[in-house]
Amino acid sequence: MTKTQPRTVHWWQFMLVGILLFMFILFAAGLGRDTKFIPSPLIGKPAFAFDIRKLGSDERIKLEDFKGKVVIMNYWASWCASCRDEHHVLLGGAKAYADNKNVQFLGINHKDTDEAADSFLERMGRFPYPSGVDAQGRLALEFGVYGMPETFFISKSGIVGAKHIGPLTAEILNAKIKQVEAMQ
Amino acid sequence: MSVFRIKMLPHISKRTAIGLTGLLFCLCWLVTSPLVSIAQETETSTSTLQEETALEKQVRVVASKLRCPVCQGESIYDSHSQVALEMKKLISEQLAAGRSELEVLTYFQERYGNYILMSPPAKGIHWVIWAFPVFLGLIGFLFVYQYITASGAKRSLDETAGSDKASQSTGKSTIEELHL
Chain W
1 MTKTQPRTVH WWQFMLVGIL LFMFILFAAG LGRDTKFIPS PLIGKPAFAF DIRKLGSDER
61 IKLEDFKGKV VIMNYWASWC ASCRDEHHVL LGGAKAYADN KNVQFLGINH KDTDEAADSF
121 LERMGRFPYP SGVDAQGRLA LEFGVYGMPE TFFISKSGIV GAKHIGPLTA EILNAKIKQV
181 EAMQ
Chain A
1 MSVFRIKMLP HISKRTAIGL TGLLFCLCWL VTSPLVSIAQ ETETSTSTLQ EETALEKQVR
61 VVASKLRCPV CQGESIYDSH SQVALEMKKL ISEQLAAGRS ELEVLTYFQE RYGNYILMSP
121 PAKGIHWVIW AFPVFLGLIG FLFVYQYITA SGAKRSLDET AGSDKASQST GKSTIEELHL
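Protein chains in written order, with our numbering: chain W, 1 to 184; chain A, 1 to 180.
It is worth saying that the hints were derived from the structure and are not from the lab.
Since the model is a prediction, treat every value here as computed from it, not as a measurement.
All C-beta atoms in this analysis are idealised placements derived from N, C-alpha and C, irrespective of residue type, glycine included.
Watch out, some of these pointers could steer you wrong.
Calculated cross-link-like contacts (lysine-lysine; reagent style DSS-like; alpha-carbon spacing at most 30 Å) [what the hints assert, rightly or not]:
| no. | chain 1 | residue 1 | chain 2 | residue 2 |
| --- | --- | --- | --- | --- |
| 1 | A | K123 | W | K111 |
| 2 | A | K88 | W | K45 |
| 3 | W | K69 | A | K89 |
| 4 | W | K45 | A | K65 |
| 5 | A | K88 | W | K54 |
| 6 | A | K123 | W | K62 |
| 7 | A | K89 | W | K111 |
| 8 | A | K154 | W | K45 |
| 9 | W | K45 | A | K57 |
| 10 | A | K123 | W | K54 |
| 11 | A | K89 | W | K45 |
If you anchor each label on the Cβ, the simulated ranges turn out as follows [what the hints assert, rightly or not]:
| no. | chain 1 | residue 1 | chain 2 | residue 2 | range |
| --- | --- | --- | --- | --- | --- |
| 12 | A | G98 | W | I25 | 42 to 52 Å |
| 13 | A | N114 | W | R60 | 26 to 36 Å |
| 14 | W | G32 | A | K89 | 45 to 55 Å |
| 15 | A | N114 | W | S119 | 11 to 21 Å |
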């Protein structure tokens with residue numbers, strides 16, 4: 001009869017298991033993350049004070065014009081497919097908040113032409129709020145925009161309160177407006 | 001032959017496994033090491049280097065350090081997307097206006113966050129990313145070291161056992177000869 005000796009566990013085996021466990025936890029944490037969520041360093045900071053041309057006219061739009069109001073600043077473009085998905089949400093949202101004088105919707109037409117943008121609005125329905133023009137995309141760089149569509153929620157005091165990357169839903173829109181309305 | 005294989009298998013699975021694990025860690029280290037990417041980056045930059053002005057060179061350096069926001073793992077220097085082109089234009093303008101490379105990088109970092117940097121800063125949680133390849137490499141070298149020392153110890157043990165056996169058999173034969 002041969003006696004089986006208890007197996008010695010080496011320090012490196014513990015280390016190996018520890019490393020593999022750590023890598024697995026990192027991997028699992030990464031899988032659970034929302035890939036659309038990219039934290040913006042602009043949240044909680046004053047919004048860039050822009051002065052841009054109004055779409056379809058020579059008038060100017062300044063952020064300071066909306067001081068004292070929650071500004072829902074939506075980046076859109078006629079060439080952006082996802083913008084079509086959220087278009088009805090924005091139309092519905094603007095209609096729902098039409099009586100609320102503390103809420104102001106604002107579109108930013110990104111890297112587009114006035115003609116293409118107008119044609120898009122003609123087809124999809126005109127926004128009951130103004131849109132500014134960011135033809136070169138410089139304002140988008142100031143706001144750290146990744147892609148179309150993107151929406152910024154600016155508080156009454158001009159602070160970036162929230163940001164949404166991708167098409168909006170009615171639920172997200174309402175929740176973010178409430179969140180930023182509560183900000184001082 | 002089959003007996004030989006069966007006898008050899010446990011030996012392979014024990015010692016070679018340690019060595020192979022070590023090599024695997026070394027390989028992981030090489031793959032994940034930032035040194036590899038730095039070397040690749042330098043090689044690419046050197047090959048595409050043409051006659052360029054001091055400003056263009058500065059733009060190239062800064063643009064290589066910034067990630068294209070709409071691309072997959074591509075710097076804005078390598079990307080031809082509209083956003084990247086606009087960003088390069090802005091970098092050029094800012095550098096021409098007298099801003100330093102660091103100031104331009106900070107400008108983008110303040111708007112896009114750390115994600116915009118091709119190499120995450122070695123602070124906070126990002127230390128893990130930088131330390132991990134070094135850590136993996138160290139473990140790999142330890143495994144290889146243990147494998148080598150264990151093999152050496154076993155070989156010397158085998159040699160000692162072999163010489164003992166040989167002396168025993170020589171002794172036996174001498175006794176047998178004496179008996180005869």
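Results of checking the hints against the structure:
Taking the CA atoms of A:K123 and W:K111, the gap is about 36 Å. The hint is violated against a cut of 30 Å. Proposed proximity of A:K88 and W:K45 is supported: the alpha carbons are some 25 Å apart, at most 30 Å. Taking the CA atoms of W:K69 and A:K89, the gap is near 34 Å; set against the 30 Å cutoff, the hint is violated. Simply put, W:K45 and A:K65 have alpha-carbon atoms about 25 Å apart, close enough for the 30 Å limit, and the pair holds.
Pair hint A:K88 plus W:K54 holds up; C-alpha atoms about 26 Å apart against a cutoff of 30 Å. As the CA atoms of A:K123 and W:K62 are separated by approximately 38 Å, the hinted pair breaks the 30 Å bound. The straight-line distance between the Cα atoms of A:K89 and W:K111 is roughly 15 Å, inside the 30 Å bound, and the hint therefore holds. A hinted pair counts as satisfied when its Cα atoms are at most 30 Å apart, and A:K154 with W:K45 does not qualify at roughly 66 Å.
At roughly 33 Å between alpha-carbon atoms, W:K45 and A:K57 are farther apart than 30 Å, so this suggested pair is violated. For the hint pairing A:K123 with W:K54, the CA-to-CA distance comes to about 43 Å; that exceeds 30 Å, so the pair is violated. Annotation: proposed proximity of A:K89 to W:K45 holds, straight-line Cα distance about 26 Å (limit 30 Å). For A:G98 and W:I25, the hinted distance range of 42 to 52 Å is satisfied, since their beta carbons lie about 47 Å from each other.
A C-beta distance of roughly 35 Å is found between A:N114 and W:R60, which places it inside the suggested range of 26 to 36 Å. Against the hinted window of 45 to 55 Å, the Cβ-Cβ separation of W:G32 and A:K89 comes to about 38 Å, which falls outside the hint. A hinted range of 11 to 21 Å is violated for the C-beta pair A:N114 and W:S119, which are about 39 Å apart.
The structure does not agree with the numbered hints 1, 3, 6, 8, 9, 10, 14, 15 stated previously, though it agrees with the rest.
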